[in-house]
Amino acid sequence: MSQENILAVENLVMHFGGIKALNDVTFDIKRGSVSALIGPNGAGKTTVFNCLTGFYKATGGKIILSAGGKETSIIKVLGEPFKLTDFFSPVAFFSRLKYKMFGGSHLVNRAGLSRTFQNIRLFKEMSVVENLLVAQHMRVNRSLIAGILNTKGYRKSEEEALERAFYWLGVVDLVGSANRLAGELSYGQQRRLEIARAMCTNPEIVCLDEPAAGLNPSETEALTKMIRVLRDQHNTTVLLIEHDMGMVMDISDYIVVLDHGEVIAKGGPDDIKNNPKVIAAYLGAEEGEEVTL
Amino acid sequence: MSQSVGINFKKSSIDALIAGFMALILFGPIVGVVLDGYSFNAEFGKVAWMVLVVIVGRFAMSSFFQTEKGIAMAFRYANNNDGATVLPPGHKSKMVWIIPLVIVIGLLVPFIASKYVLTVVILGLIYVLLGLGLNIVVGLAGLLDLGFVGFYAIGAYGLALGYENLGLGFWSMLPIAALMAAIAGAILGFPVLRMHGDYLAIVTLGFGEIIRLVLTNWASFTHGPNGVSAPMPTFFGLEFTRRSSDGGTFHEFFNIPYDSAYRYMFIYIVLFAVVWAVLFIKHRLVKMPIGRAWEALREDEIACRSLGLNHVLVKLSAFMLGASTGGLAGVFFATYQGFVNPSSFTFFESALILAIVVLGGMGSTLGVVIAAFCLTVLPEMLREFAEYRVLMFGILMVVMMIWKPRGIVRVTRTGFAARKGVVK
Numbered sequence: 640m641s642q643e644n645i646l647a648v649e650n651l652v653m654h655f656g657g658i659k660a661l662n663d664v665t666f667d668i669k670r671g672s673v674s675a676l677i678g679p680n681g682a683g684k685t686t687v688f689n690c691l692t693g694f695y696k697a698t699g700g701k702i703i704l705s706a707g708g709k710e711t712s713i714i715k716v717l718g719e720p721f722k723l724t725d726f727f728s729p730v731a732f733f734s735r736l737k738y739k740m741f742g743g744s745h746l747v748n749r750a751g752l753s754r755t756f757q758n759i760r761l762f763k764e765m766s767v768v769e770n771l772l773v774a775q776h777m778r779v780n781r782s783l784i785a786g787i788l789n790t791k792g793y794r795k796s797e798e799e800a801l802e803r804a805f806y807w808l809g810v811v812d813l814v815g816s817a818n819r820l821a822g823e824l825s826y827g828q829q830r831r832l833e834i835a836r837a838m839c840t841n842p843e844i845v846c847l848d849e850p851a852a853g854l855n856p857s858e859t860e861a862l863t864k865m866i867r868v869l870r871d872q873h874n875t876t877v878l879l880i881e882h883d884m885g886m887v888m889d890i891s892d893y894i895v896v897l898d899h900g901e902v903i904a905k906g907g908p909d910d911i912k913n914n915p916k917v918i919a920a921y922l923g924a925e926e927g928e929e930v931t932l
Numbered sequence: 018m019s020q021s022v023g024i025n026f027k028k029s030s031i032d033a034l035i036a037g038f039m040a041l042i043l044f045g046p047i048v049g050v051v052l053d054g055y056s057f058n059a060e061f062g063k064v065a066w067m068v069l070v071v072i073v074g075r076f077a078m079s080s081f082f083q084t085e086k087g088i089a090m091a092f093r094y095a096n097n098n099d100g101a102t103v104l105p106p107g108h109k110s111k112m113v114w115i116i117p118l119v120i121v122i123g124l125l126v127p128f129i130a131s132k133y134v135l136t137v138v139i140l141g142l143i144y145v146l147l148g149l150g151l152n153i154v155v156g157l158a159g160l161l162d163l164g165f166v167g168f169y170a171i172g173a174y175g176l177a178l179g180y181e182n183l184g185l186g187f188w189s190m191l192p193i194a195a196l197m198a199a200i201a202g203a204i205l206g207f208p209v210l211r212m213h214g215d216y217l218a219i220v221t222l223g224f225g226e227i228i229r230l231v232l233t234n235w236a237s238f239t240h241g242p243n244g245v246s247a248p249m250p251t252f253f254g255l256e257f258t259r260r261s262s263d264g265g266t267f268h269e270f271f272n273i274p275y276d277s278a279y280r281y282m283f284i285y286i287v288l289f290a291v292v293w294a295v296l297f298i299k300h301r302l303v304k305m306p307i308g309r310a311w312e313a314l315r316e317d318e319i320a321c322r323s324l325g326l327n328h329v330l331v332k333l334s335a336f337m338l339g340a341s342t343g344g345l346a347g348v349f350f351a352t353y354q355g356f357v358n359p360s361s362f363t364f365f366e367s368a369l370i371l372a373i374v375v376l377g378g379m380g381s382t383l384g385v386v387i388a389a390f391c392l393t394v395l396p397e398m399l400r401e402f403a404e405y406r407v408l409m410f411g412i413l414m415v416v417m418m419i420w421k422p423r424g425i426v427r428v429t430r431t432g433f434a435a436r437k438g439v440v441k
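Here the protein sequences come in this chain order: A and B. Every number in our numbering is 639 more than the matching position in the first sequence, counting from 1. Every number in our numbering is 17 more than the matching position in the second sequence, counting from 1.
Hint data in this document are derived by calculation from the structure and do not stem from the laboratory. Predicted, not measured: the structure shown is a model, and the values here were computed from it. Among the clues, some could well be false.
To be verified - Which bits of chain A does chain B cover? Going by a derived footprint, with three or more residues having C-beta under 8 Å, they are:
hint	stretch
1	749-763
2	786-793
3	913-919
Unchecked claim - Heads up, simulated DMTMM-like pairs for lysine to aspartate or glutamate below, C-alpha to C-alpha not over 20 Å straight-line:
hint	chain 1	residue 1	chain 2	residue 2
4	B	K437	A	E802
5	A	K659	A	E643
6	B	K437	A	D725
7	B	K437	A	E764
8	A	K763	B	E318
9	A	K696	B	E318
10	B	K421	A	E764
What the hints assert, rightly or not - Just a few of them, taken from the derived set where beta-carbon distance is under 7 Å, the chain B residues facing chain A:
hint	residue
11	R301
12	M305
13	P306
14	D317
15	E318
16	R322
17	G325
18	V426
19	R427
20	R430
21	F433
The beta-carbon is built from N, C-alpha and C at its ideal position, and this holds for glycine as well.
If we strip away everything but chain B, and leave its shape as in the complex, we get:
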């Protein structure tokens, strides 16, 4: 059979029929049978449409991959599995132009976007923070952490309970929550970081669940499932409410009419600044000895020990820095919602953050940012599809893992210009 000329339609048809049969088995009971009281209705039309879409799609795909362009594309994806690329020394990143542009657009968003869009973007940025935090632990240090949501919960409850019990506001809780999360990371980390791989994953999974269960059951302190209200941020002591009990309000001070969107605009701008600060620190960290040690640990723990690196402390530092970023995200989440309760911190959340890191590309900062936005904004856009949201989410992940198993953005490594070797 010739390689490039002509499409073997028989093969495409067989592929399409097999896919259609699979779709029939899958969608038949899921879509075709709808409960109606104690009986059910069979909706054959819906199933037929679904199966038709799958057949046509599979036929088109199969045919396309037999054209010259398709073969080239398949080849490119098949050979896309190798790891990082090393940039030539003195490489100038295009990001130098893109970053200022993104900052300018980002600063314009609160003034042009509607309140709804703004809240979606805030949620996206919170997940960027979470992704960046987990990326240190999973992407760089290679420690599979399935309980990351625990640190997120510590940050969020830190703000809510700190305000309720100690009267601490948003600004004082921001650093304190990061510190608290880091300490929690250390307490969890120290005894368990001697294990690795699957064992560590299970222990961290347990930790995340313990935090959630404590929050649910310690009702006298956390108010259990009823949740706690969290304070809004203040602008130099000015509140973003219509009327203030003490001190001034933002709109009265500036003599402008009250708008509930001001509050989100302010949260957005603070969050935007914090995300950029974290991005900068993360960018520096990977080039620093500590970042190199994390990656070395991911590659080979035994070799690390043979080179004098204390593997427990290196892991602990990754765990603590990752956790503190999670804590920061938690504070923003609490202030953005104005209310926290344990149902926001389930295992699904941990899995979602892990998906962000894996889809974005382990260790890649840009990839994590893109993936965080995709995975939070996309479900919002798919609201009309309601119950199919999770299904589409799953399909997206499967497709991504087949085509880009190493994540959206490939990791690049800095190249170093040759130097005159000196030994001291």
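Just chain A, with the same shape it has in the complex:
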């Protein structure tokens, strides 16, 4: 299925108790694009990310991921509460029970969406290569018997996983650090390793949460190039949250601007740059006052 939109978010609502973090957020992400989610601090960008990647269960709305030849409802795989109608339809009942018992954010990743984190989450006491091997857990031979007996099939599968790991280390320029502990790497290297690890799960869409935070200008430039490589050579859709406006405008095909949990603008970089609402949100403006840059 080659639908145009890889990700469709409809009327997404997220409440934390009485606080409405997201209020009716709707946007689509085109397959093969680089899209950015921007907005002032506290606008709800990371909340949207956590809903998309299954770490928060959205209060309402729909998130449909069209990857791997099928459509996945991200809210459904996290496990929804039973409804009265379920008790009359065994199929619906067992599907819900299955997701309630075994569902969770890992199913979102298996459906073809991977992510990185704003505060880097690497396996610090494991080596760089091992970090990438863990990411390939679902693709390798996991049989206990084969592993303990070290069979031919198992060795082949491990060797393939290592080759894939070293390929991605090459892409992010970390081959020289392959056998260091992930926690020993510098900040910039850790950010790159996290992207490589997300890519090792073979996703169709990768969500990067502030990938350029804490990087110097030359590192940011290298990151921009790398994101282009992901899109052009690996047909991966990229969705990112970023505060570095220079980078966002440079790289994005499509930008969604959030403020106070609502989408205030969507469109190409040029539209966004000149949108009065966006400028007002970033610079602050009196009610009804027009601001121009």
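Fit chain B to the supplied structure of chain A, relying on the hints for placement.
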């Protein structure tokens, strides 16, 4: 003040006096006051000796740490807190030479050692099994389990009750007990593994206590505190008793005089083989995807979920494999004692197994083996000190945690040679 030359004896003396004062406060009431009927005797001599030993020891230590060698040593320990080291690719472990040597020595033990030494070594090996099992749960998967003794009890009672009710012997119960313990691990694990850290520790603590209380109170089935006798292992149907009710006995079949030590020799050899099998499987597991997933889970659960790993199933697998090893150890314990009762499965036992894992070094197989032997053989050797055993045990732990907070053996990680990257 110069760094290397000369020892500041004034500082050493002050250190020694402070330590002596502390020792006086501590030992004064504990050692100095001995109850005698309704009154008590004050034993100043004993206290004086204790305090003197502490003062001299502290003075020597303080002086030593001011010498060049001492400074270097303190520096080394202070900087020993970093985590694992990654071995270079193609590293050849020295263990290739040590393992055959240990196996040969291990096989000679039952023929040269006395019966007493043999029973101590058997106990040590049982704790090695327990340590290896808990090491999967705590060391690798990072799940603090304070009720591990529950699985040990399931294995031990499995053998005793399986024999009493179903007539199952040692050999059939060995795999069944491992399976039973694993199932118990799954039953406990599935509902609680969504929690982590302290909460999980408390739930597992409760589980261990529940098992012990059931064993104590369900008298119609488990015979309560009176305990149950457990069968001895058989050698192809031959029993290790003086006279057999059915079938032959070992000494009659081989025409040798009866010796009660044969039974322990046999248990030792079977246990030795099982320990090596578990060591091998454990060695493979850490290099396999499942082992990597456990360690990744210990490092960061949220990142694991974002990579498509089902954290509940990964935790459950660690819990079940750890529990089954505990069950195996339980079977050996029951057959070695010939009798089980609930008082063998108290919380102290869980704490001891946890101490083995922590002292040995979380996740380190070699460290766990060494620590298991230290913590079981040492108390036996300290029998003469009787009531001071637990005190010495405590001192050992405090010293270890100060000098080697990451355990006896540091964890090493396999290095991988660079490959040509291919993406498929």
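Could you tell me which of the hints above the structure violates, numbers in ascending order? 3, 5, 6, 7, 15, 18 and 19
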